[in-house]
Structures are given as C-alpha cells and as structure tokens.
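J.: Make the complex out of the two chains shown on their own, each in a separate frame, by following the hints.
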Amino acid sequence: MNIKFWLNGIQRQEEVDPGMLLIDFLREKGCYSVKRGCETANCGLCTVLMDEKPILSCSMLAVRIDGKKIVTLEGLQKEAEEFGTFLANEGAEQCGFCNPGFIMNVIAMLRELEEPDEEQIKEYLAGNLCRCSGFVSQTASILKYLNYKKTQEEA
Amino acid sequence: MKYVNQPVQKTDAMALVTGKPVYTDDLAPKDSLIVKVLRSPHANAWVDTIKTDTAKKVPGIVCVFTYEDVPQKRFTLAGQTAPEMSPDDRLILDRHVRFVGDAVAIVAGETEAAVDLALKRIKVKYQVETPVFDIHTAKDNPILVHPEEDWKLKIPLGGDNKRNLCATAREEHGDVDKVLSECAYTVEHTYHTRANQQAMMETFRTACYMDHFGRLIVLSSTQIPFHIRRIVGRALDIPASKVRVIKPRIGGGFGAKQTSVSEIYPAFVTWKTGRPSKMIYSRYESMICSTPRHEMEITVRAGADEHGIIRALDVYTLSNTGAYGEHSSTTVGLSGHKSIGLYRHTEAYRFCFDVVYTNVQAAGAYRGYGATQGIFAVESAVNELAHKMGMDPARMKELNMPVEGGPLPGYPDVPYAQSCAMDRCMARAKEMMNWDSRSLSQDMGNGKVRGLGVAMAMQGSSIAGVDVGGADIKLNEDGSYTLALGCTDMGTGCDTVMAQIAADCLETPMENIVVFSVDTDISPYDSGSYASATTYTTGMAVVKACQELRKKICELGAEMLQTEQENVDFDGSYVFCAEDENKKVSLEEIGLKSTFFNNIELQVVKQHSSPLSPPPFMVGMVEVEVDKETGNIDVLDYVAVVDCGTPINPNLARVQTEGGIVQGIGMALFEDVQYTDKGKIRNNSFMQYKIPSRMDIGKIRVDFESSYEESGPFGAKSIGELVIDTPCPALAEAIYNATGVRVRELPITPEKIAMGILEKEMEK
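Quick note, the sequences are listed as chains A and B, same order.
Each residue of the first sequence is one higher than the one before, starting from 1 at the first, in my numbering.
Each residue of the second sequence is one higher than the one before, starting from 1 at the first, in my numbering.
There is no bait here: all hints are sound.
Quick list of in silico lysine-lysine cross-link-like pairs, DSBU-like style, CA-CA up to 35 Å:
1) A:K144 with B:K448
2) B:K628 with A:K122
3) B:K154 with B:K606
4) A:K150 with B:K2
5) B:K551 with B:K583
6) A:K69 with B:K30
7) B:K699 with B:K2
8) B:K272 with A:K29
9) B:K583 with B:K552
10) B:K551 with B:K593
11) B:K120 with B:K56
12) B:K20 with A:K68
13) B:K474 with B:K242
14) A:K29 with B:K30
15) B:K2 with B:K584
16) A:K68 with B:K690
17) B:K699 with A:K150
18) B:K120 with B:K242
19) A:K144 with B:K20
20) B:K30 with B:K20
21) A:K29 with B:K20
22) A:K69 with B:K690
23) B:K593 with B:K2
24) A:K122 with B:K20
25) A:K144 with B:K699
26) A:K149 with B:K699
With beta-carbon atoms standing in for the labels, derived distance ranges:
27) A:E15 with B:E110: 15 to 21 Å
28) B:T54 with A:G9: 43 to 49 Å
29) A:M20 with B:T676: 29 to 35 Å
30) A:N147 with B:G447: 33 to 39 Å
31) A:E81 with B:G447: 47 to 53 Å
32) B:K699 with A:Q11: 43 to 49 Å
33) A:L61 with B:T54: 26 to 32 Å
34) A:M1 with B:D134: 50 to 56 Å
35) A:E52 with B:E629: 38 to 44 Å
36) A:E14 with B:M755: 53 to 59 Å
37) A:E52 with B:E507: 47 to 53 Å
38) A:E52 with B:K120: 36 to 42 Å
Calculated directly from the structure, the hints in this document are not laboratory data.
Predicted model, so just to flag it, every value in this text is computed and none were measured.
Yeah, the Cβ is synthetic: ideal placement off N, Cα and C, and Gly gets one too.
For reference, chain B alone in the conformation it holds in the complex (with noise of 0.2 Å):
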C-alpha cells in the first residue's frame, strides 16, 4: 500500500490555504436575489393577520411571501435515507410559529439594506398561546406544539402529535429489576446534557438559480446533497428531477448540515421568480433557528457484583426535540444503543425513551448524534459505581470493556465486536498518563487540585443496512481517472481518502485520479456524509468500482494484444501478457484505444451498502487542574487512544480527534443553549455562546491502536463522531476527583464546583 495509512496532504489543500473562491457564497451568481426570513417573537402563536403591502413597496423588493403562498404538504428537514424516520411536521412557512425564531415571512429583494427595511415593514398580529418549555411536563400537555391534523410519522415509532410525543419506545434484554437487586453495589443517578451548538465556521447558506432546462439549480453548503434534492422537491410540491443540487466545498458541518436549514427559502423564491437568489445565514441566525444537539436527561441504574462485574443496566432517555421532529426519533436510539454495549458482561438491560416536543428551536444531528449524551450518563454512573466500590474506575472498564470476539450487549448492529482494541487503546492510555503510578486527586498546596478522569466510547460505521455510498470510477483517454462521488467532504478530507484507497487500488499515483464531488445530476447516489458513514461506506464502493474497473482494463487490454483476458495482467501501469511480459500495452494506450471503435466501457459505477456497523473505540484520559476558590478549571492533559481500524490517513484522522476532543471540552465545561422564561435564545453570538478557543486546551495527545474491520476498506471503521464521546464523562469524573463534587448536568461551569465545594464544606 503506498497510500492507505499514510499521511497524504489533502487534494484541495493549497486552494484551502489560499483563501480560493471556492465556498458556496464564493459561488453564488453575482445578481442574487438577497433572501431573509422574518422570525417570530412568540414562542408558541399563531399569525393572525400579516399585511405586506408596505414591505413590498420598498423600492428593490421582489417579493415577499407569507403562510398562504406556499404548497400545504408537510414534509422534514432532515437528511435521512429512506425509510425517512423523521415525522413530516413542517411546512415553508406555517401559520402556527413554534418556537422564537420560527419563520413567517420570506422576503427577497435587490440589495440587503431592502431586504432589512422590508422585514421591518411587515406587520403581523398574533394570537399568542402559551409555550410549553418543560421537558418533563411536555408529554401528554394539554398545550400541544403540533395540533395539526396532517402531521405524518411515516414509520411506526410510538409518536404522536397530540401528546407531543415525537417518538417513544422500550427495548429489554432479561429481567433488569430481578438482577439488579442481586447486585452487590448499584447506583441510580439521573444526568443532564444541554443543547449545543456545531458552530461551524461557515454558517448555514445555499444560492439558487434556473439553468436552460427551466431546472432549479441549488448550491448549497450540505452534508446531503441527493437529499436536499428530494426535500426540496417536497417542499415545493415538484418534482425532484426538477433540481439539481451541488455541493462546493463546505466550511464545516459537524451534522448541522445533515438538516436542510437554509436551502428551501432561497429555493421557493427563484421557483417562484425565475431569478437566481441566496440566503446567508448570519451568525445570530445560526444560533437561533438551526439545528444544535437534542437536550437530553438520562437516568442510568447500573449494578455490579462483589468483583466489579456490571451485570445490569438501566437507561431511560429524555430528549428534546423543540419544535420540529428532524432526527429526534434516530438520535435518541444512541443514548442506549452505543452506552450499554461497552459493558460485556451485561446480563439483563432496559432502554426506554421518549422524545419530546417544546416550544423551543429545533434540534438535529450534531457529531455523536445521541451516543454522546448516552456514553456521559453511562461513564458516568460506571465512575461512580466503581467509586462506591472503591474501585479504581479504569480498572473496572478493564474487567467490563468490549473485546474481540465478544458481545456488545444491546448494539443490534453487528452480531459481536469483530474488530475491537478497545484493551490496548486502554493500556496506551494508561502508559501514556501514567495511570497506575498515580493518585487519582492530588492537591497542589496552592488552593488547586488535579484530578485524574476516564472514559470509553464506541459510536458506529454507517447506519447499517441503510446508508449507500456510491463510486464512479472511469479511465479517460490521457490515462488518467476521474472518480465521482456522491459523499461530501466539508473538510474532514474524505475527497482525499477516497482518492488514497482509489490509487491503492489501481496501483496508479494519487496525482493520476481527478476527485469530482458532488452534483446530483453527474455524481453517483450516495446518502451523504454523516452516520460516520464516509470513510467505511463509500470507501468499499470505491474499493468495489475499482477492482471492476481493472478486470475492464485488462479486458480492453487483451483485445488489443490479441489474447484471451485470462492471459494477461495488470500492474497499474501496463496491460501485460503474464507469459511474455515483453507483449503489453500502456495505460495511456488503452485510455486512448477506448475512445474510438470501442464497445468496452471503462467505466464502473459502484455501490456499497454494508449490513453492519463495527463500532470503533477509544479511552478518553484527561488531567485537570481545579482552583477550589474560583471553581475554574484548566484542561492540562487529554490523551486519547482510538481504535478506528486502518487509519487510511492518519493525519486527517489525528486531527479529527484532536478537534472532537476540543469540541467534547466545549460541551463539557461551556457550551449551553440558554433560553429565557419566554424562549428567547440567551446566547445569539459568539459573544455569549463560546466555543473553545486555543487558550481553552492543555496537551492534547492523540495515539492508535489499530485492529482490522474485516467489511472495511482496508480494515478501516469510522472515526468522525467516536472522538467527541470521551471529553464529557472523563472531565466530569476528573473534576470529582479532583474536589469530591460530581456535576450530573453539563456544562461543568465553575460556579457549580465552587458552589459543590462551598457546600461539601457546610455539610462537614
């Protein structure tokens, strides 16, 4: 392998570090119609009267468009594969507003300054209703979020509209109650995350315009190109052929643009007026009407046996979707799904759900799509069962952690874990913190103290038997490849590790493949890039399109060196007689021999769609330093030990785990999504909402420990949304090291330490 595990530089580096016009808004047509949405003030209301007559008057205004211009079908923003999980509970704009933020007028014009004047001229009144706010009283409400009689779940899964219930369930495995009270020690502890924001750079944006087809063209900054186009069909009631969809480069995701926050306003406006158009999200949009991560309360009971066995688990999540249903009913699944089966030896397990709505901004994908607020709960109750043991609590996830070969109990998606280092990246992890020598809190003498904290994490590879990636490989005249793929880079490089396996495979240099991605009209389907879905879906299929591509070369080749194909062979270079390498015809020459009098086509078109989802793990360690006054904490250390497979760029995914990790941090110890008694967002910018800066993070030391994925191209799992999983439930745990206090609700701010010490000291 000359280009599988090594660390190539990304195929768009230099445009990137150049500053190119290569983003979306770099794109849009120059003559765009600016497109901006008024929002609405209440929380729950309905809009009574709305009178656009003076807004529409500001000179340079096109149009402006209310609840009664647009198609009556409800539909989901979320960018799933079919069976689509999410309900249909939305419409463009809708008289009934849900949430601060919700939209109720689109207004397009000529220039911004007569967009904003427009927006302010619109007059509506509302007949305001109470919100509902309260994740706990939300279910079976007598104030409901979605009364409409058309809202649709398309797929059986417990939800309904007139208890604000988005989806419920309960899965059981043995009798939880029967052993639990076997079990020598147990914990019960109820555990809280918050909404958080992706925040990627580039905020939500998509430039729309007519081709010479009467075709809507939509250039969008998405994760989910070939769904865009199916929603926006939907939303406009045409059909989907009637759009196009291309994807630019991206300025981050993070899961944010697996929702289609921004592309159905500018798309109705040029339907609508046959004129190009954009929407740019500002920043304060971003924060107030997108898609941050579903608020969840878990409450875990967990037992052990006299030897620090965990024999069984009990998960109940409460998660909460806001308004609108996008990804509520998938996301929650992983709160149980990816916590319960890090421990082995669990006999008997219970995961029950339910999904809420409220009246607050909607909530969506965001990296680690619920095994993020499950693996916190469950980590964290571990820790402190292993505590009540008096335990140390890496050895207890020693004892319990998955290992090759062996069960993950309540992981329905593969049958064990075929491929696990979970023990050696725990080992790693250990040597690389120095574990076993230490004392798990230490005090400084200067009013800080240092704690030692742990966590395992698992997520998946793909959805399994869902997700499709799509290869479209072809050898042109020149003797170089093009390779064509519906999966999107927004930054995480899978252009380029495609491109790596793509050159592995056909034994050809890196430089030699051309990468195109994405257009719906020319790129083959592929569901899109979430799901840490990339590298092990798509992968394949370029593995796939590869390996048919060769037997094609060979093919063309034989025919032109008179023999039978079984004669000849392939080196990446030359179509050679396996008998007399002497006999052979270059890879130019047949690129070009394919270009007239040919009926061999040198093209393969590949999809790969695997039945399973091998996990991939990490151990999360981190030292953190807590001044006992102040409450404040200083992250000194990360180290994380990932078992992703085969790294096929090792680079690219060192970082992907340095920036999880950073992202984990902010959501640990800062990022909230606040809202005030009337559902306004506190925290609308940068200002308020802080994300984590390079002043915010200590060492952060990133290693692998590599076992090989089997259904994997290369041996490879995924590692996207893994990496954001350790940061919550290892800070917490060294933070209750370090002082005694054990914070159960994120973020861990420093008031809540100082005022966990303060009243540790009043109880003595």
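Bound conformation, chain A alone (with noise of 0.2 Å):
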C-alpha cells in the first residue's frame, strides 16, 4: 500500500506491506530509538506521537499513519536533552532502553496537563516500565524539571 504521512516534520510517501507493524516500519526508515520490549502493548519502549498524542507503535499498522503526523524522539532532540538532563543527573536513565518511549510519554504529559501532581504524573506514566531504576528517581527527575520551568517562566 501507498502511504503519505509525516516523519519528524518531513513529508513522506512510502510503499508498505498491509500487514507491517508501524514499530518495525520506523525502525526501518532509521528512527532506531524506538525500541520493543514487548509484543503485548505492555511495556511502553515503542512509544512514539501520531498527531500529537502519544500511542504504541507495536499495536498499529503501518498503514494507518496515512495522513498523520508521527513524531519519534529523532524529531524532538532538544527536548529529549533538555529533560533528559535532569533524568540523568538522578541517575534515572540507568541501562537507557525504556528511556526514549519513557520521554516521548514525558513529553506528551507535559503537553497534556498543566503543572501535574505526583500521583497524576505516576498514573500518566503507569504504561511505561523500567526494570532498572524502581522509577523513585524518574519521577523526581520529572518534579525537579517541572520546578526548573516554572522558575524559567517567572524569570
């Protein structure tokens, strides 16, 4: 099938098998931060943006991004290094894997919902897992970020 979308801002068109799952299509077109760590929609690693809101590339055809806006963490690297500063400076970003579908999820809730509380921020994120950092200092990443922008505003 023929398909016309959006890549990171880039207008694409492309020929795909009906049948290919959008994870193994992006990874394919060299957005390698799109990782798998499930095929049951469980784990949240292959998180990417289609028009703005944040889903699991391994659960969706290819095919039905025709006419959308998918954004992959490739397409948001100031983002990913300004908040993944301070994941980092916790000692949060650990063995990394979950990281890119962890901070395109970040990002989508940062867009979503205006100063999030602690218990907002762990049920938005509930979908993405982490084996390596018990998520304690994820979420303290997230907090000390939302405070370091806020100071920024009132600057």
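T.: Encoded structure:
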C-alpha cells in the first residue's frame, strides 16, 4: 500500500506491506530510538506521537499513519536533551533502553497536563515500565524538571 | 577526591536519553539473516524424525539445521570463570528435548516472514516421554533428564546425571542437633521461593558476521564477553581465537545475560553460511526459554537461648535447576553462606543442599544468586523465632547481627567482618521508620490493617580468589587518557564509576578520560560484570594501572627534564622537579613525547583478583497496608539503609538500591513463573507475568551508612545484588504483623492472605 505521512516534520510517501507494524516500519526508516520491549502493549518502550497523541507503535499497523504526523525521539532531540539532563542528573536513565518511550510519554504528558502532581505523573506514565530504576528517581527528575520550567517561566 | 563519592552524571547519559542507536539490534548489519529456533512442544521427548525439505524450499530461506548438523561435544552456557562449575550438559541442538521450549531446529532466512513460514513447515515426529516436574521426587527418579553418557561435571560437586542430581553437598560446624536441643526456643519451617524472570527491558539478542580474516564477530548484549568467546568456540567446536566478541550498550541484564542465551544460534548460522545474521529474542521467548531464578525450597531450623541469642542454624536447600545446569551448583551455595553469616553468635550450623534436574526451563543467574532465596528463608525463620519469644524482631537482629571485627559464621570468603556498619544501618533504619515508638501492627478501623517488617541482608563483593578485573590505561599524545575495560556496563554505570576512580588516581578531569568497553580483541581480560564484582575488583585494577602509569609518566617526564625519576613529582597536569617547581613539563608535552624517539611506553595493563569477598550489608524495613477482606497489599513505605563501603557514585548506588528493592517487591508479591501440568509456561508475556509498575510501589527511602573496606578501591564494596535481598522477608514479616498470616511460599498474593485470614477466623 502507498501511504503519505509526516515523519519528524518531513512529508514522505512510502510503499508499505499491509501487515507491517508501525514499530518495524519506523526502525526500518532509521528511527532506532523506537524500541520493542514486549509484543503485548505492556511496556511503553515503543511510544511515539501520532498527531500529538502518544501511541504504542507495536500495536498499530504502519498503514494507519496515512495522512498523519508521526514524531519519534529523533524529531525531539532538543526536548530529549533538556529533560534527559534532569533524568541523568538523578542517575535514573540507567540502561537507557526504556528511555526513548518514557521520554516520549513525558513530553506528551507535559504538553497535555499543566503542572501535574506526583499522583498524576505516576498515573500518566503507568504504562512505561522500567526494570532498572525502581521509578523513584524518574519521578524525582520530572518534579525537578517541572520546577525548573516554572522558575524559567517566572524569570 | 574530586570525583569519587560524587553523584557524577553517567558518561553515556546523553546518548541514552536522546535515543541514539547504541544497542545490538541498532548496530546489527542491515543485511543480517533473521535467525529463529523451532521449539519443542513437549517437556520430555526425543526427535524421532525431522523433515526440513519443505521448509528449505520457502523462498528466502537460507538454511535449516537440526541435531544432525551440530557438533557433538557437550558444553555449558553458564558464563563462569575457571574452574567452571556448571556441568557440560548441552548441545546446540539435541535429539533429546528436555522442556517445553527447548531448541529443535535453527532456521535462517532473508526475512522474518520467510523464517516464520519455514518454522511452520518443519515436520517433527516426537517420541514423547513422561517428564519430571516435582522437585521432591526428581532426585533418584527413574525418569532421567540427562540419561546421556557424555554428561560431564568438570569439578566434583556431587552431581550425578543418573540420579537427576546436578550438585549436592553438606557443610557442618559443631553439633547442630545438640545445640538446638539445648536452645530455649526453636523453630522449624520450610520456605518456598519461586522462579522469577529478570525481565530486563532489552531481551536477549546477538548479531554475527565474518571479518576479513575469516573470524567470527559476535556482537551481543551480554554481561560476559570473554566467557562468550570461550562458550561460542566450544559450542561450534572451533578455536576461541576464531571468535571476537563485541559488547555495545546493554539494555539491562540482572544476571540473565551471564548465560549465553542467544549467541550460539546466530554464531552457528554465520559460521556455516558466512553471512551476517541476527537473533532477536521476542519477549515470549525470553519468558519460556531463558534463564530465570532458581526455584528453591529451604528448610530452616533455628534455635535461640532465653535472651534471644541465636545459637544454631540448620539450613537445607532443595534447588530446581530445570532442564540444564547453568549456575546451579554455585547459586545454591549462597542460599546458606549469605544467610547463616548474618548471625554472629551461631555456635553450630549445618548447610546441606541438593540441586535437581527437572523438565522445565533451565534456571540461571539472577541478581542475588541464591542469597535472595536463602535470606528470605533464614530472615523469616528468625522473625518467627522472635515472635515465639515475644521479642521485637529488630531487637533480636540487633543482638545477633554482624559487627565490625566479628565473625560471619559459615561465610568462607573473609576471615571476619573487616568492614561492617550493619549496626549503624539498623539504627538509621529504625530512626527513619520511627520503629521504636510504633506498634508492629495497627488496625486502621476501615477494614485495613498496617504492619511493619524488617530484614537484614548481606552479599559478597566478587567471587573470592576467582574473579579477575582488568584495566588498560594509556596516555595519548594530546594528554588525554584512554581507559579500556573488559567489564560490562549494563546500565549500572560501571564505565562511569571506573572513569571516576581513574580521574582521581590520575588527578585529571573526567572529561580527559575516554572509556572503552568491551571488545575481546582490544579490552583487557575481565571475568565480566556479575557476582557484585565490578566496582570492587575492576575498580582495584584501575587503581593499580593508574598508579603504575603515574610512575611511567614521571619516568618520561624526568627524562625530558634531564633529571632522575626520584627528583620529580606529578600533580596531574605537570611533572616538575621537587626542588625547582619552575622546571616542569606538561602532561600534553609528555604525551606527545611518547610518540617519537621513545622507549618508555605510557600504557599499563593491570589485573586484579581478591582472595576476599567482603560483604556489603543492609537493613530493609517496610510498612504495608492490607485489606482484610480482599487481601490486597499496598506497600506504603520502604526504608533501606546500605553499607556498601564507600559509594563511588552515590546517585548510581541509590538508584541501584531503589531498583533492587522494586524488583524484590515484585518477587515477594506477584512474580511467579508458573507451569501447566504439561510443563508449559503460563506467564509467557508481560500480560501474564507482571513486573512492578510505578503504581505498585509507595515511598522508597534510601540512605547509606558506610564502612571503609581496605581491600576495595577507595574503600568500596559492592551494591548490585545485595539490594534485592530484603523485600521478600521484610514484606512477609510486615504482612504477618498486619494480618497474623505467615506466608512461607512466594509470591505473597492477596489470595493467600485473604484465605489465611479466613482460616484464622474459622479456627476461632
């Protein structure tokens, strides 16, 4: 099937196999930040944005992005670096394999919720698993980042 | 110290958080053949006939291999240093398949679709036999998991394949039965821990290709590059020198990648076909045919005098290795050595074990490595003993815990506790939990009850007299350093920790040190990252290498200053004359000088092995809230106070602790590899095998009470494994205090609690 879509801001037209999953398609197009941690939509590692909304690319066929705007971490390098610094300052990035999906969802959360509290953060990110960090330092990094953004805005 | 004991950001952090392609599958050759394995549907069967012609005809299929195609020399997949203690009980493909999921055939093809189709077209006729599942009847069962004549144990550990026995032993000190009979209070209980999956986010994966010298390059997500080189060489029956192993970034390991799970299949394909190939385990495969924690059943007898002094401990462990023996004789040892050692007054102890083969997925290394199981049993038994005496369990631990300079009964790897702050860990944990002024149980009046629980733990730091750390440091012509390592950063941050140590030893900024790891052709030999060894062992190799490099820098600097070496000093930036500080040469000048007309090489390779394995210690305390009607458990607050010696990087040490505790909570409360009566795994995805999410944990508070370990770098011991050891016993205890229900079989599910509460009410 022939589809037209935007990948990280660039319009593209590609031929795709109707059975191909979005995750495999994106990796084939060089978006290696998109990771697979399971096949059952449980881990959140493959999170990308479709028309601004976070979706699991392991559970969507590539043909469904026809006419849509897809953003992966490759298209959000500045944001990833900015928030990622806070994550790394807590030692929370650890093995890093869950980081791209997690950071995609953090970015989506920050665009969707204004000043989320700890409970809202946990709830929003409940689908993002991490086996290394025990989550505590991830949450701390988000709270510190929010605080930093707030002081920046106030300044 | 500028960097040691500082929360330095990881050197690879920015690549990780921006999603750079740094992992095995990101780096695998784009034209890799896809490799998959046909897996046995039976728990115990022989391949009668296997037809591969139709499969081979599927367009895009390059090869299909069966047991007839592979070398017939048995080997083990366990990544261990010589003397290798795991039995040689594997072939790449065996006619005899021993668990549901065992490898039957290897298929490689141009696309995943072709390979999936070919797998379906392989026709196998099995001669199905009765399997052995029950660990209690496995030993001396007439059905043998390994009836073959060429089963081999290289080290005599009491194993006997004709008895389904992988290992057996008995260690005894004093007359346990006599001392127990004299004790005022005794308990005897059996505790059961289940198999758990490490569930690192990156599954097992390996890519292989041939280089221009006709050598096999193995790019793999592994904790043990040098062992992989040996294992692949043996499995393929080729010299290890033909194999080069490269480790990129790893997406977690937790011990799972201390076994060569995925390497041998693509290695065999590439060696046979000459073509690049890769095998990416699905999560499903990682659940059904990998290397989970050993299920153990541990019987503990403990006895105390009327004051609460523990006088005797008797531990018997029955461990289930499953179909193959990786890490089995070694894990089981820790169930006794790391638990009995927690009680310093023990006059007599006995530790016996049997490790049995059964027809389930083979077990392997998982963070804690047997200590987690043993500590759950012994800590629970001691807690039960305290209740029997009407004593606060924390008080009983205070009376009996290891103290600096005191003995560690049954722990053979240090003569005594040289560095130990367990007392301070307990005091701090009590303070953080406000333990002394609270009741161990509290009825909330709304159908919910709260309980407090406590446990101690110890682990080792490396395998004493075995593990080897390696460091290779050189000064470059621009005055920068390259530190080549053989240890494997799997997210833990050891590349950063080693750079911190080197930077302080060389008095140079961390940015001035490039860390390189791991390539078996280039890196210095290192056992790999496991057994809580890296900071302690490789860290010392780094210290030694840097110290010697400093001397060489002085030697060359002195030559440049036309003076003798004893007249100069080095401050990290300059070599200068002690008597006239204006006479100096810079590090850059020395680095540059080393590149022309020079006979003093500014490169040092050092190894380090310790005859000791000094234990890190910790205390874990937890508060839970249990719903009396449903048995639902909320972990409200977990306090962990750790003595890992000097934390080289306090941030990374804290996150290790938090991560280990959450894994331990998973093990304690819901993780459980379950089988059907046919031996098929029930929990073959994250849908059924639930690991903790951020909603499953309450507060986790970590603090450090550091001792100073003389034999470690800057006083450091280990932390990686220790931190998973307290949640199981602490939670079992807290739930008991909340509900009166003592659960001795993990996981402690709401069903068990609700039913336990009902039973208690029926008794009334």
